[in-house]
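> Sequence:
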Amino acid sequence: MEGVKGDTSCLLVLGAGKGSIPKTPAELIRYTDSVQSMTVPVSTPPVSTATAAAAAASCPFGNGTGPRRRKFISIWRYLTLRGLFQLLGQSVGAYPMVYIALSIMLSSLSFGMFKMVLKDRIHEGYTPVNAPSRYEIDVMREFWNSTGDPMTMIVLLRAKDDGSMLRDEYLEEVMKIHSFFAENHTVMYNDRPLGFDDFCSPYCTINYNLVMFIEYLKQGVSSMKNGDANTTRNVLTYPVANIDGIELYIERNLFGVKLKNESASSENTNNTTSSFNTNYGDNYAQSLTNMDYVKVIMLVFRGDRPNASIDEALTQWELEAFKYSRKVYTSDLIDMQIIGSEILEHALTEDGQRLTPYFAAGTFHLSFIACYKVISGFVTMMIFVTVSVMLSATFYDALDWGKALVAAGAIMCPILSIVTTYGLISLLGIRTNSFMLVMPFLIMGIGVDDGFLMIHSWQRLALCTSSASMRLGFIFEEVGPSITNLIDINIVVLEIRLFCIATAIAMGLDYLYELILFGPVLAIATRCEKPTAKSCLFSVEPQRQKTLQGWRYKIDRVSKYLLKKYCKMIGHWSFSIVLLIVTVIYWYFAIIGALKIKTRLDTVKILPKDSPMQAPNQILNDIVWADYHSVTVLVNNPFDIRKSSQLDRFYQLVEEFEKIPQCRSKFFLLLLIVKYRCRVTRKLFETTILAQSTLLWLRDYQRFYKSRPMSFLDLLFGNSEEVTTTTTLPVDTGYSGYDYDKLEDFLDSFFYSHWRTFINVEETSEGPQVRKFWFSVAYKNMSTWEDRIEIMQTWRKIAAKYQDLNVTVFEPNGMFVDQMLSLKSVAVQTGVLTLMCMAVVCIIFIPNPCSVVTASIAIASISLGVFGYLSWWGFDLDPVTMAAILMSIGLSVDFTAHVSYHYQLTNRKEIVDGQVIKIPIRGAQEKLEHTLQTVGWPMIQAGASTVMCIMPLLFLQSYSPLVFLKTIFLVVSWGLIHGLVALPALLAALPDCLTNANCYRTFLSTTSERSCRYAGPDDSDIQDGEINEINVV
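Mapping of the sequence shown onto numbering that gives the first Met the number 0: position 107 corresponds to residue 106, and the numbering continues sequentially without gaps.
Please note that a few of the clues may not be correct.
Derived lysine to aspartate or glutamate pairs resembling EDC-like cross-links, with alpha carbons at most 20 Å apart [unchecked claim]: (1) Lys597 x Asp609; (2) Lys559 x Asp396; (3) Lys608 x Asp875; (4) Lys741 x Asp639; (5) Lys800 x Asp699; (6) Lys326 x Glu172; (7) Lys705 x Asp747; (8) Lys175 x Asp196.
Worth flagging that the hints you see were computed from the coordinates, not collected in a lab.
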């Protein structure tokens, strides 16, 4: 036998036969016939004496043909990547039931789904860990002495006839609703009823201003009905009412307000009832105020979460209140909408659950409900896979009942990996968010693709061997390295990190199930095949014609002819030039789309169109935030009111916040001169109300400090005139004239006790001192996220200028603002990290550096195309699209890694009468034909099955399903174009010295003299159970 030319593989290559190697197809057929009686190779490649001596000296097992050397070589030949996969395949083929038992034991983890917790943390779950809002909310929690965000439930009330809420019967209904939630609404928790008053402190009087306003308005109405127009001296005006000399800010509760004409509100009259326009018929309430119309009345119910037990109770109370508003409450007058963080998270979770029936009707529902719904992607994919397997079996004349088992196995592997993942993470105590409910679509796409690759290789060997062990070893060696994937879990966004963790676990389990479950299924199906003469060499035309007869041979011949012409076309230099131009155009529009994509968190789009959250969200956006959007400003350093410098510095801070153009005080700086008659003294006096939109305890305290406290007689006889008192103060030019000696009296006062929640007081030897406090400033015209983002950045810039006061700002939507500000950077960072992980996988399992680089470029190109063209399709960058892009990166691997892996191979193997014939692959044309013949059809099948899996999402006309539907459509489209056209053409255009380089073959092969594993020449016999591999040059 002539010498072996070059390194052929990492496996042991043995010479065979006598005389020269056959050069023509006819000689090759005669050669294989002679091989049938051969048991051992009779000659080996010539090796120099020096090389043989060096090998013998370096071999720890000596030289010659001793048993120790034969055992060493028998084990050593499998210590490569392909060798290990071959060994595993042989083991699976020999003992399929053992591996099936192992897979059943592994799948038992899916019972952990009974402990599944479906929950989203939309407030902070999508915010980067280093976002400013996280520090801001931690500061606020420290002030509240709370472990979590307060429960805040907002009740929005509108008139069903779209009229004003400022009507007697409507205000009465508002009071009933407030009374119900504040006093009567309870839930059973720990075997006892839990109501608002059990957890509301210190926010029990949060609606105090509105309640007092309505109560005094009712008193005024009662006086008018009794004909006594002189019984009230209160000024019931908007935005600030004056009750017995105490200002009530009602702008936080009334929205969509239209004021009466200034001429009517400033008439010089002798009583309050005639101070405003009275042309309202029997609607006395509207006659007593300066408001002509009120669109929405808002009630707020709030409670702290000091521990996990109270947290659970508050969540239950809020969700039960929402159910009451949807299913129990009925009124002909008022439309009630309720929204809160727990309610919104519950709605998003339910939206995510709606994906499941469309994915797997008739299988496990993630919460074990709704299995009766419409036909699902699982059923569609099952039909497609079954038909594909049956058609392939018919083509190879190998149709039997085992093929149905193969089709079921191809589907069951990703299904089991999905349910096992949910069970495992539930047992580990990890909650399941709505993103993780999208993970099945990714796993089904990848899992079925891997299954198609294994089925294609298995079907191709149907007429070649009856040995399940040999066949599985061949399949695992061929497709094992290319079906390995990895996803990065080092993501800075918590909810997306959970998605990545779940996806990584599911991908690993699917990979494992493909090997230990689908492999044994193929082994069992192999034993179900009808016995035929097993001899094939598909590379030789007469042998292929003998194996495939009639119409099968004609189809095979036409397909190979078309494949050969196609490979010649994409391998031509002119096609490469055209492809380069098209690729540049594709990249140009993808980059433009990626740059112009808008970062926007639009709840209207994210929520389903029929979601009960749409109505309250629209009210908040269009009415509430257009009228009132406040920021909480915290002063965290101890504040000494006695120092005039510190007092001036603080008011400079307040002034900067109030000077922002959108501040409400710019819109409502009204000078209301209201003349009214005292109830007893009948004395006329004037009061001036400056409608400030800043809630600041210090202004009231300064007024309280300089005035005589109001006595019971003042309240009884209506004397609200301030009496200035004098205080003996030390002579100090730096002294402000104020002290904290009256602070306790101020906070104990009935009219000022609500300020206690604004101040953190510390008792010292010098008396009470304010350790830290907060105030709020309100703004208008904040309906869009662009406006809220801009003003949030302005607030933070102002706060950063007052480090001496240690100022921070807090706004409940701050985390959403940071989400939108960071989405682009997080998306880029996450995408790059995921691409790096995919590149690492390619480096491990593809031994050719050039193939690794081209595969990584193709993955990046597909991902860029998906991202950019989603923008052209009209989508914004939000957490949903970011998760979809991550999914696209995972899916794109299957369209590139397989091609790159198979193209770098320099030989292919075929089985003839139990012997493995290794045939070299030379030149770009042969490599293209081999690669596309091996992975082209499975790739098309996988793409089609993935699209069919998600097609039922068209029935769900909501934002999130449509994002994933269009993303998968784009990634399949771009993936097939890259995998079947762009990447093969790129590889064919590269010189052979780049595409043939093989690190493993050079440094780890047993036949390479440069390898650390070189075993030297061997004349030993082939041991029982080993596969005799014959190299054909």
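> Hints first: check each against the structure and report whether it holds.
Tested hints:
| no. | hint | verdict |
| --- | --- | --- |
| 1 | Lys597 x Asp609 | 25 Å, violated |
| 2 | Lys559 x Asp396 | 18 Å, holds |
| 3 | Lys608 x Asp875 | 18 Å, holds |
| 4 | Lys741 x Asp639 | 14 Å, holds |
| 5 | Lys800 x Asp699 | 26 Å, violated |
| 6 | Lys326 x Glu172 | 18 Å, holds |
| 7 | Lys705 x Asp747 | 17 Å, holds |
| 8 | Lys175 x Asp196 | 16 Å, holds |
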